[in-house]
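Enquirer: Here is how the chains run, residue by residue.
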Amino acid sequence: MSPTDTDDWLYTISSKRKLIDFNFAEIWRYRDLLFLFVKRDVVTVYKQTILGPLWYLIQPLFTALTFTLIFNKVANIETGTVPPFLFNLAGISIWNYFNTCLTSTSDTFTSNAGIFGKVYFPRIIMPLSVIISNLMKFGIQLLIFIAFYVYYYFNGAAIYVDSSIVFFPVIVMLMGLLGLGIGMLISSMVTKYRDLKFLVGFGVQLLMYVSAVMYPLALMREKLPKIAWIVEYNPVAYIIETARYMLLGTGTFSWFGILYTVGVTLVILFLGIVVFNRTEKTFIDTV
Amino acid sequence: MIILKAENISKQYRLGLVGTGTISHDLNRWWAGIRGKEDPYLKVGSVNDRSTKADSDYVWALRDINFEVQQGEVLGIIGKNGAGKSTLLKILSRVTIPTTGEIKTKGRIASLLEVGTGFHPELTGRENIYLNGAILGMTKAEIKSKEAEIIEFSGCERYVDTPVKRYSSGMRVRLAFAVAAFLEPDILVIDEVLAVGDAEFQKKAIGKMQDISKGDGRTVLFVSHNMAAVENLCTRAIVLEHGSVVFAGETTPAIDYYLNLENTNLNESSIEAFIENQSDDILRLTDFLVTQNEIISANFYTNKTVKISISYEVFEDVMGLRVGFDLIDLSKSSVLFRAFEDDDKKSIEITKKGFYSIESEIPENIFKNGYYGVKLAIGIHNKRWIIFDDNVMVKFNMVNVNGLNRAYSDSRPGVIMPHLKWRKNI
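First to last, the sequence lines map onto chains H and F.
For the first sequence, position 176 matches number 169 in this note's numbering, and the numbering has no gaps at all.
Position in the second sequence (first residue = 1) + 115 = this note's numbering.
For reference, chain F alone in the conformation it holds in the complex (with noise of 0.2 Å):
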């Protein structure tokens, strides 16, 4: 059964100031609605792109936007930011209404853009569980039911009858998230609340987002930029771009859409200008390859090695040029290890003017499958980065396809995946 529908969103944003110019505005407007006409602000309006500036004083943060979904579906919704996530998001929790079209829903809908919404400071945990849930739409005979596993899931019991504002971050956090956790509308948004608490509490906080998910069968909108989560938790999922659906469909070749997204300034054709851009008075990068099998893609194979090729020209000698790159694990945001071209040097050396050009090769068989990037990190020792930026950085998919642990279709735990050498002794 489809539960909600949203047809023809659009929402359309005012740029710069609100103020200058407002009531000759409102009375245009107004005049046009008089006389039974289209507002005359609606025609106008470009494209929602950050980087490029706007011709007009209306931007469309969302144009167009169709999607449906079905009851007990987890739908991921992904984009970069500015893509008009958090706007698709206001329109469904009801904070704002669309500009054009709109959503139908069969439920009702509660949403979580933020743990411990009017949370009040002064008011004690018990207080303010009985506040937050009904600000969330919970009725007090809803949350006197709850109470104890809500205090119980936050852990804060030694200080549920204290004034908040003497609680630490985290206690707050915990303490709101509990309370949302035990919400039950017929369909639930969700903002990227999880990326809050210790590691111990978002390991809690994912379980409890499954359960909800998996178990009780809820439908849930779960807006994220953790790849690792959304894979995770998503029966399916649509990839926003400049306020526009440009892909809906399953999760992972959802993610694999998006991620190729971000590429889009490492595909061939704009490769050139990229790195024409990074250049300093002492040193142009004039190539920057990740490939495997002399091949550039999207996708490689985790039982075979990535190779990765750096050229440029130093302009001048450099004491202590460092050339070398970040490996991250995109689906958490982090550094899996550094590596420069020079770590096995025993003494700091000079760089002589000239052209370079360095290989290196990531062996085989370490990756885990998942989202990669190598970043690049050329820098002078204890100076400055000369370049180390996270728009220079080439995104790929680790798939494993001829890789170990094929056997078994299981996804297991642990950052990397190494192949190790077994002996057997009987």
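Chain H extracted, bound-state conformation (with noise of 0.2 Å):
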């Protein structure tokens, strides 16, 4: 071996490990994959259906519709001047954003062990591709969101878009970031213990109560101050309240509030990828 050759290796693959192995060259030479990943996802969904991407629609104007009944005409929960079923319809569109993130990153490794298994790519590619095509979903839930919103503005409803909507898209990121974090930590943990799962199921449904998504914040304040608490440490809370606030003029906007949730965000989103990261390494020996 001449001494020109020992040192100008490409890669290594080794055994020990960094906190943060976070290759971004690599990650944007695989952005071909990260595009088809995406494709893929919003292709095939609903392939061999007869109502194909109406499906989008039609699941989140149900359930709004199902809360305006229960939530706001039998327990009489007051969305003030806001038509409940257009409040309904922005907290869950933007809920269902989250939801979707973190439920479908959360098995990241054990649905993909297949693949996993037999091919390197950098992992992340897959829970970024989940998160850029629920974008695109909400996307088009947002689109029947605006139809109903002019319908309801043109039928003299006291509803006006706040000037702050122009941070609109940094609210929705913070949202999907938030997802990935926390799915990213809870698919590390997954590959090796598999009640996690369980936990996500009725976790994520639990979470749902607590995060403003079908009564405004302020009137949790009210009715149970003495729990209120609970709500207002949730930053999904305030990412919903906040949403609101730009789209219906609805609700409060605090400093605080966006600070803390950006805050918790960066803090789930940077444990999410170094547990994310060390658990890719190996998790193809105990999954």
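No wet-lab data here; the hints were simulated from the structure.
Check each hint, because a few of them may be wrong.
Stated by the list, open to error - Below, computed lysine to any residue pairings styled on SDA-like, alpha-carbon distance capped at 20 Å:
1) F/K261 with H/D25
2) H/K9 with F/E122
3) F/K510 with F/M532
4) F/K259 with H/F28
5) F/K419 with F/I495
Both chains come to you apart, so use the hints to assemble them.
Expert: So this is what it looks like as structure tokens:
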């Protein structure tokens, strides 16, 4: 071996692990794969169905309708001047985005064990493709929301778009990243302890009730001041509340809430990436 | 130039069910890690041997593997089932990491542990070409430039816009292999993917592999049980046994070594024990020998006869007892012929109680050079086999030293190489 042979290795497959082994150049090189996964997810979900992508709309519409009947008509939750249906539709669309991001990234390893066991690519491509394809579904749902918005607007409902709407994409991104972070954390642990899979199912459902989806944050503070802190410390609730503030001009906006949410999201995302990185190297041995 | 270098690669696996005791082991590990100590479970672990019962919960699938690969080299990796080949491939293709040691590489590795990874049944053939290509590490532009060639090579032009779920399994494999064949990484790692498709396609696949390795000077790591393919494609080979490299060198000696390994149940020291095990209520094997010139060897010559001797004891009178053997071409795992001692009888006869010793000779100048096995076949006609097992096989290498076709060094096609008499009329 000549001396020039020794040092210029392209990469090393080793047992040593770094805390964060995040190779942006490599992820960038696999961007086409990311795009193709997104395309696959969007194209194949509703193949061989009659209604096709209409299902994207039917789900939130009927949920919003049900919520309106149960929570607003039966349980008499006040939504102020905003039509309850529109209030619920906004909440559900955003919650759904978070929910799908979290649940579908949380089984990244277990459901892709087949591919991951045979070929290498940066594993993070998988959860990234999930949040992007879900973003497209969310976009479609947003369109239907806008349609109803216009309808109610011209029927004289007291709704207005707040000027802070320009930051709406930031709110959506925050929601996606939070779902991604929690999902990656769970996906890494699920590979070894399957118990978590069951926990995610109903845990997410419970989380919805403390995320101000079907009621305004202020109502919680007023009716149940003792346990309102659960909602107040829940970053998801802030995102939903803020999104509604931007879209409908209802509810509260607090800088503290936003900063708190950004902070929590970044911490969870960081932890998620660290744990995900550790897991991706050996999970195939334990899955 | 050395393009890939493996240093002290070891891989440890946990035996049994993952789940019971995992938390306590994880906590122990974590605690050792915090104190800066070594993983307590790395010290235990036994050598990987399927047949012996393990005395520890952990097993070393690979132990201190070292090898180097030169650029442009086609390295064969051979070994029995469970020798650690797949584990090594998994580490090479970065599916998992080694427990200790490291692999350094100067090129990008693409691995083909399976054809058609990530194929989605709902997508069309064309869409799957893109998806599969991207999974294997190609960019969209690369795939686009090769799309026409891939489709042509697969022979699926007519169905390329049909969802893959409507494909026959053979078509799916063709399409998948076609994508893989047009990969252009610096180092290609291939598991036994050639054992797919029909004969025509296999030929095409092997031809393509030869082009890749010989024509383009690509570095290839090739794992296979097909000795003919290994001998054909590889310039060098390593033999794995129980997770360690037991031989590294030229392809032909490596294959010899490997086939002899399999032969270990039949060397002189263990032949007694081996024969003892082969007994039944009505028959007991007492001797089974394959010789040339009265010598037991792993290498026989094509121009001399090969003698098969079988001795056995029959405990009671049996109707229709048949004793014989299958001659197997090991490189293709196919049976060349089957012969029984009573083949020229006109009717089924009774074999009386007693000791028997039979022998027969396979004529000279029949075998082509290559790897063969004589598999014992003893049974009762139309009823059952008494001894008929792949482990009861004597393997040998046929060497064409003084045989036919010595004037020309080319390897000629064919299954057998009979010695024909020619007359020349001028």
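Enquirer: Work down the list of hints and note, for each, if the structure agrees.
Expert: Right, here's what the structure says about each hint:
no.	hint	result
1	F/K261 with H/D25	holds, 16 Å
2	H/K9 with F/E122	holds, 14 Å
3	F/K510 with F/M532	holds, 19 Å
4	F/K259 with H/F28	holds, 15 Å
5	F/K419 with F/I495	violated, 32 Å
Against the hints set out earlier in the document, a violation occurs for number 5 only.
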